[in-house]
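Protein chains: 2
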Amino acid sequence: MLYLVGLGLADETDITVKGLDIVKKAERVYLEAYTSILLVGKEKLEAYYGRPVILADREMVESSSDDILNGADTADVAFLVVGDPFGATTHTDLVLRARELDIPVQNIPNASIMSAIGNTGLQLYNFGQTVSMVFFTETWKPSSFYDRIKENRQIGLHTLVLLDIKVKEQSLENLARGRKIFEPPRYMTVAQCASQMLETEEERREGVYGPDSLAVGVARVGARDQKIAAGTLSQLSEVDMGSPLHSLVLLGSRAHDLERQYIREFAVDKRVFDSAWQHVYEDNGKQ
Amino acid sequence: MLYLVGLGLADETDITVKGLDIVKKAERVYLEAYTSILLVGKEKLEAYYGRPVILADREMVESSSDDILNGADTADVAFLVVGDPFGATTHTDLVLRARELDIPVQNIPNASIMSAIGNTGLQLYNFGQTVSMVFFTETWKPSSFYDRIKENRQIGLHTLVLLDIKVKEQSLENLARGRKIFEPPRYMTVAQCASQMLETEEERREGVYGPDSLAVGVARVGARDQKIAAGTLSQLSEVDMGSPLHSLVLLGSRAHDLERQYIREFAVDKRVFDSAWQHVYEDNGKQ
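Chain order of the listed sequences is R and P. Counting in UniProt numbering, the first sequence runs from 1 upward without gaps. Counting in UniProt numbering, the second sequence runs from 1 upward without gaps.
Be aware that a few hints might be false.
[Claimed, not checked] Partial selection, computed: residues in chain R whose CB lies under 10 Å from chain P:
#: 1; residue: Asp11
#: 2; residue: Asp14
#: 3; residue: Gly83
#: 4; residue: Leu96
#: 5; residue: Asp102
#: 6; residue: Gln106
#: 7; residue: Pro109
#: 8; residue: Thr120
#: 9; residue: Gly121
#: 10; residue: Ser253
#: 11; residue: Glu265
Hints listed in this document are in silico derivations from the structure and should not be mistaken for laboratory results. Built from N, CA and C at the ideal position, the CB exists for glycine as well.
Kindly generate the complete structure, drawing on both the sequences and the hints.
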């Protein structure tokens with residue numbers, strides 16, 4: 001059996017009891033280590049499980065999935081994913097491959113940022129489609145997220161923006177020379193995301209989200225030192241939310257007063273927040 | 001401290017290790033028992049936790065929240081919620097009340113249907129806003145969900161439809177006579193949801209989702225006997241998915257071929273599925 005086991009969002013104790021039992025009994029344990037990270041490392045997990053854990057990078061999962069699945073028709077293989085196993089597209093591929101090989105699959109769901117974002121007090125019913133934002137470079141600034149955000153905005157919905165992480169990336173030079181030297185991991189911050197959003201707005205000028213638009217930044221959701229900051233994009237482009245992972249919510253105009261009450265507590269500056277909130281409503285004729 | 005502890009979706013072992021530790025140590029343990037249910041009862045949970053569990057119905061949570069919070073400034077109170085604690089609006093109220101009383105709050109996230117629906121193989125990025133559908137009566141057929149679904153449909157996104165549950169409901173007669181006699185609990189099925197969708201389409205005639213539109217019904221997500229069925233609304237209006245809880249996904253036109261491959265496995269009738277799928281794409285000029 002192939003078990004896809006969600007690990008939740010923060011530390012080793014966010015696994016479910018069901019998931020932990022499976023990990024302890026499985027013949028091999030893989031940890032998917034490129035779409036997200038826990039706030040604790042592989043060593044901590046190994047100590048907690050009392051088991052060796054094999055790090056599975058993108059290359060292994062996408063090109064050598066048969067190694068992962070090897071023998072899973074008779075033995076149990078656990079494939080651990082931070083958050084929920086179906087948060088990322090890539091694991092759907094693994095299951096399709098398992099099906100081809102007649103390997104049974106069981107999924108152990110867990111908290112995902114897509115639902116845990118409710119932690120901000122923003123109502124999950126008021127969210128439109130989720131988008132991802134990648135690190136801009138000097139020459140590559142993909143902005144398809146902007147069109148999706150615009151669609152949400154037009155019907156008054158919030159947008160959850162998931163932020164890029166770069167692990168095991170090679171510099172262009174090392175890549176060209178075939179040197180397996182990897183850059184240090186990078187995790188996009190709330191401030192970088194807010195800046196890139198403003199840069200894109202500046203470029204596209206379709207009035208989707210500007211410097212005075214309200215957003216909510218989150219860091220380390222579900223952890224003891226979780227941090228939430230509400231403010232304008234201009235404010236958030238300068239906020240320091242500490243260590244990863246970060247996400248951002250762009251506030252839709254259909255926001256409810258209960259949501260306002262809840263997130264106001266996290267305002268970078270309550271006066272600015274109140275004035276920006278009023279503006280969102282006036283623009284949309286809701287108050 | 002007030003701990004909001006997510007229980008996940010299926011049984012007693014879907015709680016996280018972190019959550020279980022809290023439940024075992026808390027002074028009082030409440031189980032919110034009206035927005036969702038686990039597939040196991042209160043007795044099973046009490047045996048598993050080794051602790052008494054107090055059932056919290058809507059009246060208690062909404063009108064007597066101070067009883068729940070009583071003493072939580074010095075002692076630990078655990079408030080258990082099926083799925084993720086922030087899936088339902090009502091718990092935001094409880095946290096706001098705790099804030100007023102200067103009671104610290106910690107949230108323990110868990111799997112929610114809003115992310116676990118990824119289990120179908122449908123990509124979470126392709127979902128628009130989530131809607132709820134209530135049981136229609138002869139005289140009351142609220143259809144605001146239809147407008148939301150239309151918004152999602154127009155931009156090609158899937159819609160997750162959460163289905164009504166009725167617990168501790170009184171008949172009109174018993175209500176009028178002040179008799180505390182409750183009807184047996186009712187849980188909307190995939191078939192009832194598909195029928196009500198078709199009834200609403202018949203009424204509104206805005207061409208949102210008709211008998212030949214594709215949808216995916218799910219039952220008992222995350223449980224060992226989880227069931228998924230893909231088909232037209234006409235087919236799903238007659239499907240038997242077994243015991244609760246059920247949910248339904250209306251398929252958007254932006255669906256990816258990888259999603260097709262994945263859900264085709266669950267087709268009620270593969271021939272009908274293939275033909276309906278092709279139709280979705282032809283209508284939208286995607287193939």
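Tested hints:
no. : hint   : in the structure
1   : Asp11  : holds, 8 Å
2   : Asp14  : holds, 5 Å
3   : Gly83  : holds, 8 Å
4   : Leu96  : holds, 6 Å
5   : Asp102 : violated, 13 Å
6   : Gln106 : holds, 8 Å
7   : Pro109 : holds, 4 Å
8   : Thr120 : holds, 8 Å
9   : Gly121 : holds, 6 Å
10  : Ser253 : violated, 14 Å
11  : Glu265 : holds, 7 Å
Hint compliance for this structure: hints 5, 10 are not met, and every other hint is.
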